[in-house]
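Peer 1: Here the protein sequences line up with chains F and W, keeping their order. For the first sequence, the working numbering assigns the number 1 to the initial residue and increments by one for each residue that follows. For the second sequence, the working numbering assigns the number 243 to the initial residue and increments by one for each residue that follows.
There may be inaccurate statements among the hints.
[Claimed, not checked] Capping the alpha-carbon separation at 20 angstroms, the derived lysine to aspartate or glutamate pairs in DMTMM-like fashion look like this:
| hint | chain 1 | residue 1 | chain 2 | residue 2 |
| --- | --- | --- | --- | --- |
| 1 | W | Lys378 | F | Asp77 |
| 2 | W | Lys375 | F | Asp201 |
| 3 | W | Lys378 | W | Asp367 |
| 4 | W | Lys378 | F | Asp78 |
| 5 | W | Lys375 | W | Asp304 |
Don't read these hints as lab results, they were simulated from the structure.
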Amino acid sequence: MNATVARLTVRGLLGRRRALLLLVLPLVLVGMAAVVRVVAGADDGTAVGLVGGFGLGTIVPLVALLAGTGSIGPEIDDGSIVYLLSKPISRFTILVSKLATAVVVALALGALPLAAAMLVLADSPGALVVPYLLGAAAACTAYAALFLCLAVVTRNAVIVGLLYAIVWETTVAGFVPGAQNLSVRQWSLGLTEALLGADADRFGVTAAVAASTGGALLVALTVAATYHGARRLQTLPLTSAE
Amino acid sequence: MSTVVIDQVSRWFGNVVAVNDVSMTIGPGVTGLLGPNGAGKSTLIAMMAGFLAPSAGSVTIDGEPTWRNEQIYRRLGLVPEREGMYDVVTGRELVLANARLHLLPDPEAAAARAVATVDMEAAQDREISTYSKGMKQRIKMATALVHDPSVLLLDEPFNGMDPRQRLHLMELLHRMADDGRTVLFSSHILEEVEQLAGSIEVMVAGRHAASGDFREIRRLMTERPHQYTIRSSDDRALAAALMAHGSTSGVELREAALHVRAADRAAFVHVLPLLARNHDVRLYEVAPADESLESVFSYLVER
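Next up, chain W with everything else stripped away, as it sits in the complex (with noise of 0.2 angstroms):
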């Protein structure tokens, strides 16, 4: 069991700053890294991976530093965002040779197990640089558990893969956490860490946003304010019997539309429909507006 510590920890490249004052414990069991691109995901990863140094503070796996330490390897196993391998050896041969560099006693059965964990042995043969894309996963995934470390780090682990082999993935990921280990994965969507994740950190433009299990994110989420654009054949009585309502919080009227700040959605869902009619206003349309991932994140930063 381990668990990895990131204790006030900040990234600056020159005057971008990629991670600003972030702390948070990874116990073990599978954590979900969520955030927009660009939230500084892969920077934390890195700094936690010990291949960054933070520019303040401390990431620490069981009291020990990940920067400068290469011992920390034995206990850590990561997989890498990027494709880049070494595309002219097979994949089996990848693996052993990754078993080889952490000195184990029996490489070859080492590698022939973690081989079979991600299902490849039918194409371990193979080059890798024939392989499609969930193959070179799979193969990046048995490097980074050859070893058996404690703690797993995945880097967007789900792009690009079908669902079948996001389910193989998932079912995988589980079963690590069911043996006591710390896994993290980064991701943009929050459909994979909702259905994965037993909890979650949210990261946006560099800070640590929120934190808890799927339900406390998908609350704050969608507990919002939601913002609607709506064309009718009245907008200024739609808009006066709006905000008479309680659900409504704002409208404005602007650009020939109606923008209204809901601060019930299921209320506001519910009685639009109810005042267009006893006020004799046909509508026209009604949008979400800023349902973006982004946007959502960024509520979630200003709270």
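The shape of chain F in the complex, shown without the other chains (with noise of 0.2 angstroms):
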């Protein structure tokens, strides 16, 4: 961990205009949250529907597609990075550091946020709101690791990032259940189901693996994602004359 790459990570997110994104996905599940509160009163049914579902499914993997991405992506593409690269620190210790700032923006624009929007519109927000913290917080984690390592891998890391998280995890494994085994979303929601205990049944929510199996996933892409973005980070290349 290398503090100074951190903090040049963070302004490099939160001072270009993408960070105007990143403040608006939060606002508008607290304020849909909040609408819906007022329309309609609090309801455990509909707090599990918007907030499990649209937070979870959409919210969250777009707030850590865009800190996982933005936290190296920008730099590689305009060869700052080259100012990182060119010390006498780790690879993996930049990518670590970067991972952990892309981590801490998404728990506090993605997970913090669903939390506060189940509050706002849970009736029984005690049983809820920690269970929803804690699925969120872990798949913000996978989440920005992987797509960290994709904008290593890729110049095209927002497109694929997308596709994985709109078309794959929404679309395809609302058609095909098998695809849901390989779903950071479904994982998560294991551990959230799991932590409900025997509450998950009447809230409704079912999770497609099982919270060991789920959270042993998260580990592993965590950390494989990990390992490869470094990886690829020692033998990436550098020339001015592209």
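Both chains are given apart, each in its own frame, so use the hints to dock them into the complex.
Peer 2: Below is the structure:
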């Protein structure tokens, strides 16, 4: 972990225009929850549907996508990554520092607003908020690692990430239940389901994978993406002639 | 004192050979890497800086490989050609961040020293996005100098600079060289290299075409056969007269013009008007052909 790398990453993430998008997404989620609460009143079923479905399924992956790719992609694109790479710091340290930054940003702008929306809309927030917060936190971490790695590997990381999060996890997994086994969303929902315990049935929360499998896969994905990203960063070709 | 050794280095991208079996040794002082655009200069510098693996051969600094060796950056400073920087921070913050990334014991002092060296104190607290091209170049320079490296690599550092900034950078590089540093910069402009570099390495089409001090390179370039295109009132008579004289090694009549290859340029330009007058030929046009840098360089390669 290198504090200077993290600080430069934060400046890059929040100093650019995409920072606006990063702020708008959580506002949309909390705003929608507030509007529904005012119009229809607090309700657990609606909360699970909106926060669990739209929040965990769309807002969290999008925020993690922006935070993960944004913490290294623009630097690789404009060549400024050279200022980090031409230093006596291991590439692994650089990647982990960037990942830590991306995870913190994704937690602050993805998982926490999700918990806030649940708090606003749910009728029994005491049972729902913590399981959803932890599930979303796990999802944020795994997504950020995946999308950060993707940004090192390809210049089209945002598009590839969108295809994965929207097309695969939402559309394909909707028609082909088997695809849900390979879905960060379902793995983290597995954690939430387990944390809800006996309440899960009452709230209608069912994940495609068990918490143990989901948790193991989340950890495996995070570790593998971090390792692979660092490996690719070690041999990232940089020529100014491009 | 550090020495960069490039040993039989080639680099290809798919079917394209960017650098072809280049060997050179670069020691303390200013060295100019001269060549037309696309000659492979940037690729070679990227390999020296450890940002690209040689497809064959090796690049070492004082015996240590530069590829996949982060420790090399303790003695290596790089000024990249690309403009990309952390625009949202100020110049001083960027230099300071670089000092911290180098894990220097007193980053604040090192950053202040580097900013002073490039004469950017007045603008150091402005955001980089507000800088002119020359100011950006100087801040890039400060980030490369902040850890006092013994080897400094600059990729096309004079691009887009005005004459005053150019002069300032030249002074700075001379000062670096006088301190015993190994300074290498690339350029496609002969005059820049001539004014600055103690030794010159010429690259053309991926090959190492020539090496030496600027006098040798100048001589190689001026002693090559020169091509002239001439239009006159009687091309054939003039051709015969020129061939009879020793300064001309070949003539050709083509496209209603006379194409002359002059072996001895100085004698040729002297004798041409005399011959024309003696043979009653009126000269309409005398133009040196293929004086572009590319053709001058390619002569060196074909030599």
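Peer 1: Now tell me if each hint is right for this structure.
Peer 2: We went through each hint and held it up to the structure:
A C-alpha spacing of about 18 angstroms is found between Lys378(W) and Asp77(F), which places the hinted pair at or below 20 angstroms, so the restraint holds. Of the supplied pair hints, the one linking Lys375(W) and Asp201(F) is violated, its CA atoms being roughly 63 angstroms apart against a limit of 20 angstroms. Distance restraint check for Lys378(W) and Asp367(W): the Cα-Cα separation of roughly 13 angstroms lies within the 20 angstroms cut-off, and the hinted pair is therefore satisfied. Simply put, Lys378(W) and Asp78(F) have alpha-carbon atoms about 14 angstroms apart, close enough for the 20 angstroms limit, and the pair holds.
For a cut-off of 20 angstroms, the pair hint linking Lys375(W) to Asp304(W) is broken: about 34 angstroms separates their Cα positions.
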